[in-house]
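Visitor: One letter stands for each residue in the lines below.
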Amino acid sequence: MSRGREGAPASWEVFVRPRRGLAHQHVGSVRADDADTALGRARDLYVRRGDPLSLWVVRSDSVHAVSPDERDPYFSTARHKPYRYPEQFAPLTQEGPDGDHDQ
Amino acid sequence: MSAGQTTAGAPPAAEDELLAHFEALVASGETVEPRDWMPDGYRRMLLRQIAQHAHSEIIGMQPEGAWLTRAPSLHRKSVLIAKVQDEAGHGLYLYSAAETLGADRADLLDALHRGQQRFAATFNHPALTWADTGAIAWLTDGAAVINQAPLCRTSYGPYARAMRRVCQEEAFHVRQGYDLMRALCEGTPEQRRMAQDAVDRWWLPAVALMFGPPDTEAGGADARTAALGAAVSRRAIAWGIKHHTNDELRQRFVDQCVPQAERLGLTLPDPAIRWNEERGHYDFTPVDWETYRDALGDDTHWARQRVAHRRAAHEDGAWVREAAAAYAAREDAGVPPAGTGAAGIAADRTEAAA
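Going down the list, the protein sequences come from chains A and B.
The numbering used here puts the first sequence at residues 19 to 121.
The numbering used here puts the second sequence at residues 14 to 367.
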């Protein structure tokens, strides 16, 4: 399991939480044979500066993904549904050109 | 639209449509991402550029790395270690970016070790004195920043993101290099001479080699070289990989360095450097690319030395890679590794997995 391809250590995606209040953000990837080594390499490579709060590594082949361009209908639930947005509705007050809806 | 990852077997009509989609994406300034369809030529050009760039970063560790044990103070030593470590990091960001294009990192290193892929010939110069570490950082890293700042907006997403990280760190490299030169220039006459000597040796490699061959006739190339360079640059610019010609960036570099050198009281070793009111730029001697290429071919002593050193480091490290793989294999198999601390961790893992 530790080897991604023949002879090459597995690829791991690296996520850093740069400071309180922010989610972990994807910053890049490293190659390593096991999780501890991957964490060590991610620290050396992606947090040489700053004061990050935490670091995640996830094996690249454990990430399941879809992309809009590849599977358009997959994201169609987000399209043509203007009624999901607040500005589609009558404003609660009269201020501003569109009214203020949620202040 | 369903855009597959590969062109293999795609009927011509579908490929036209994919190409149109790709070109519209690039034209609108959006980034191309790894799973998008892309023309083979685009993928090849990117791979070539990113690999050359990655190789340059890790080979570039050598001239300065040679001074780590001889830094004049603990402060300068810490700074130089941080800088050389950054260069290793830049190489790794870029190898990761290359892998998103389907390349294998081991193959890229192999191509470097066999001399099949190039790195910036700038680093085929030796760092003869401590002042060279300052001149390298100020001039060649300064040139790199000018090259790389526009690459933060290059059309391929993973490359652009790697370059943003690189550029943030390069700013530190240039500043510490300039500061090192300033300290020498404010020192004894001997230290000032050392600084001037280093600039005399590193100016041309930076101007000539960090920006690639001339790609305009204005850049001083003969018509044939200029046409050849221009064709490559035009393609790269059309695909949004580059945004400027090599000669444009070279001019920007000269314009930036002249006043910086003046502030240090150093002379850039080019008698043709003078302000051209009409152009609004500094004039300088056009790069004699042929001479440079001959003087710095793969066959020079230092070029061979750089690759041999890199290959030796790789081969000497083989046992570490093998040990890491063996350790991981044992852990996967649930065999507790030797040593109490590690055994405790492994036992926890086995329990969690059960």
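Incorrect hints may appear among the rest.
Think about it this way: if two alpha-carbon atoms lie no more than 25 Å apart in a straight line, the pair counts; the simulated SDA-like pairs of lysine to any residue are [what the hints assert, rightly or not]:
#: 1; chain 1: B; residue 1: K90; chain 2: B; residue 2: A79
#: 2; chain 1: B; residue 1: K90; chain 2: A; residue 2: G58
#: 3; chain 1: B; residue 1: K90; chain 2: B; residue 2: V187
#: 4; chain 1: B; residue 1: K90; chain 2: A; residue 2: R61
#: 5; chain 1: B; residue 1: K90; chain 2: B; residue 2: Q181
#: 6; chain 1: B; residue 1: K90; chain 2: A; residue 2: R66
#: 7; chain 1: B; residue 1: K90; chain 2: B; residue 2: I250
#: 8; chain 1: B; residue 1: K90; chain 2: B; residue 2: L38
#: 9; chain 1: B; residue 1: K90; chain 2: B; residue 2: D210
#: 10; chain 1: B; residue 1: K90; chain 2: B; residue 2: Q189
#: 11; chain 1: B; residue 1: K90; chain 2: B; residue 2: G200
#: 12; chain 1: B; residue 1: K90; chain 2: A; residue 2: G68
#: 13; chain 1: A; residue 1: K99; chain 2: A; residue 2: V84
#: 14; chain 1: B; residue 1: K90; chain 2: A; residue 2: A41
#: 15; chain 1: B; residue 1: K90; chain 2: B; residue 2: P284
#: 16; chain 1: B; residue 1: K90; chain 2: A; residue 2: L110
#: 17; chain 1: B; residue 1: K90; chain 2: B; residue 2: Q130
#: 18; chain 1: B; residue 1: K90; chain 2: B; residue 2: T238
#: 19; chain 1: B; residue 1: K90; chain 2: B; residue 2: D235
#: 20; chain 1: A; residue 1: K99; chain 2: A; residue 2: D79
#: 21; chain 1: B; residue 1: K90; chain 2: B; residue 2: R195
#: 22; chain 1: B; residue 1: K90; chain 2: B; residue 2: A251
#: 23; chain 1: A; residue 1: K99; chain 2: A; residue 2: A83
#: 24; chain 1: B; residue 1: K90; chain 2: B; residue 2: E28
#: 25; chain 1: B; residue 1: K90; chain 2: A; residue 2: R67
#: 26; chain 1: B; residue 1: K90; chain 2: A; residue 2: V84
#: 27; chain 1: B; residue 1: K90; chain 2: A; residue 2: K99
Just some of the chain B residues that point at chain A, by a computed CB distance under 7 Å [said to hold, decoys possible]:
#: 28; residue: R48
#: 29; residue: L105
#: 30; residue: S109
#: 31; residue: G115
#: 32; residue: A116
#: 33; residue: D283
#: 34; residue: A336
#: 35; residue: A341
#: 36; residue: A346
Simulated from the structure, these hints should not be mistaken for laboratory data.
Just so we're clear, the structure is a prediction, and the values are computed from it rather than from any experiment.
Glycine residues also receive a C-beta, built at the ideal position from the N, C-alpha and C atoms.
Visitor: Does each hint fit the structure? Answer for all of them.
Guide: Against the structure, the hints:
1. Between K90 of chain B and A79 of chain B, the direct Cα distance comes to roughly 12 Å. Compliance with the 25 Å bound is thereby established for this hinted pair.
2. Note on K90 of chain B and G58 of chain A: the hinted pairing holds, with a Cα-Cα distance of about 23 Å set against a maximum of 25 Å.
3. Taken as a hint, the K90 of chain B and V187 of chain B pair is honoured in the structure, with Cα atoms around 16 Å apart against an allowance of 25 Å.
4. With a C-alpha separation of about 22 Å, the suggested pair K90 of chain B and R61 of chain A falls inside the 25 Å cut-off, and the hint holds.
5. A hinted pair counts as satisfied when its Cα atoms are at most 25 Å apart, and K90 of chain B with Q181 of chain B qualifies at roughly 21 Å.
6. Simply put, K90 of chain B and R66 of chain A have alpha-carbon atoms about 17 Å apart, close enough for the 25 Å limit, and the pair holds.
7. Taking the CA atoms of K90 of chain B and I250 of chain B, the gap is about 40 Å. The hint is violated against a cut of 25 Å.
8. In summary, the hint linking K90 of chain B to L38 of chain B is not supported, as the alpha carbons are separated by about 46 Å, beyond the 25 Å threshold.
9. Restraint check: the Cα-Cα separation between K90 of chain B and D210 of chain B comes to about 22 Å, which is no more than 25 Å; the hinted pair holds.
10. Proposed proximity of K90 of chain B and Q189 of chain B is supported: the alpha carbons are some 12 Å apart, at most 25 Å.
11. Only pairs whose Cα atoms come within 25 Å are accepted, and K90 of chain B paired with G200 of chain B is accepted, the gap being roughly 19 Å.
12. About 21 Å separates the Cα atoms of K90 of chain B and G68 of chain A, which keeps this hinted pair within 25 Å; it holds.
13. The hinted pair formed by K99 of chain A and V84 of chain A meets the criterion: a straight-line CA distance of about 21 Å does not exceed 25 Å.
14. Annotation: proposed proximity of K90 of chain B to A41 of chain A is violated, straight-line Cα distance about 36 Å (limit 25 Å).
15. Only pairs whose Cα atoms come within 25 Å are accepted, and K90 of chain B paired with P284 of chain B is rejected, the gap being roughly 35 Å.
16. At most 25 Å may separate the alpha-carbon atoms for a hinted pair to count; K90 of chain B and L110 of chain A exceed this at roughly 64 Å.
17. Taking the CA atoms of K90 of chain B and Q130 of chain B, the gap is near 32 Å; set against the 25 Å cutoff, the hint is violated.
18. In summary, the hint linking K90 of chain B to T238 of chain B is not supported, as the alpha carbons are separated by about 43 Å, beyond the 25 Å threshold.
19. As the CA atoms of K90 of chain B and D235 of chain B are separated by approximately 44 Å, the hinted pair breaks the 25 Å bound.
20. Distance hint between K99 of chain A and D79 of chain A is unfulfilled; the C-alpha atoms sit about 34 Å from each other, more than 25 Å.
21. About 17 Å separates the Cα atoms of K90 of chain B and R195 of chain B, which keeps this hinted pair within 25 Å; it holds.
22. Note on K90 of chain B and A251 of chain B: the hinted pairing is violated, with a Cα-Cα distance of about 44 Å set against a maximum of 25 Å.
23. The suggested pairing of K99 of chain A with A83 of chain A holds, with an alpha-carbon distance near 24 Å, which does not exceed 25 Å.
24. At most 25 Å may separate the alpha-carbon atoms for a hinted pair to count; K90 of chain B and E28 of chain B exceed this at roughly 55 Å.
25. Taking the CA atoms of K90 of chain B and R67 of chain A, the gap is about 18 Å. The hint holds against a cut of 25 Å.
26. Between K90 of chain B and V84 of chain A the alpha-carbon distance is near 47 Å, which puts this suggested pair outside the 25 Å criterion.
27. A hinted pair counts as satisfied when its Cα atoms are at most 25 Å apart, and K90 of chain B with K99 of chain A does not qualify at roughly 60 Å.
28. With a least beta-carbon distance of about 5 Å to chain A, the hint placing R48 of chain B at the interface is held under the 7 Å criterion.
29. About 6 Å separates the beta-carbon of L105 of chain B from the nearest beta-carbon of chain A, less than 7 Å, and the hint is met.
30. Because the smallest distance between the Cβ of S109 of chain B and any Cβ of chain A comes to about 5 Å, under 7 Å, the interface hint for this residue holds.
31. The beta carbon of G115 of chain B is not positioned within 7 Å of any beta carbon in chain A (closest approach about 12 Å), and the interface hint is therefore violated.
32. At about 11 Å, the closest approach between the beta carbon of A116 of chain B and any beta carbon in chain A exceeds 7 Å, and the interface hint on this residue is violated.
33. At about 36 Å, the closest approach between the beta carbon of D283 of chain B and any beta carbon in chain A exceeds 7 Å, and the interface hint on this residue is violated.
34. A cut of 7 Å between beta carbons decides the hint on A336 of chain B: the least distance to chain A is about 9 Å, and the hint is violated.
35. Annotation: A341 of chain B was flagged as interfacial toward chain A, and the flag holds, the nearest CB pair being 4 Å apart, inside 7 Å.
36. Hint on A346 of chain B is violated. Least Cβ distance to chain A is approximately 10 Å, over the 7 Å limit.
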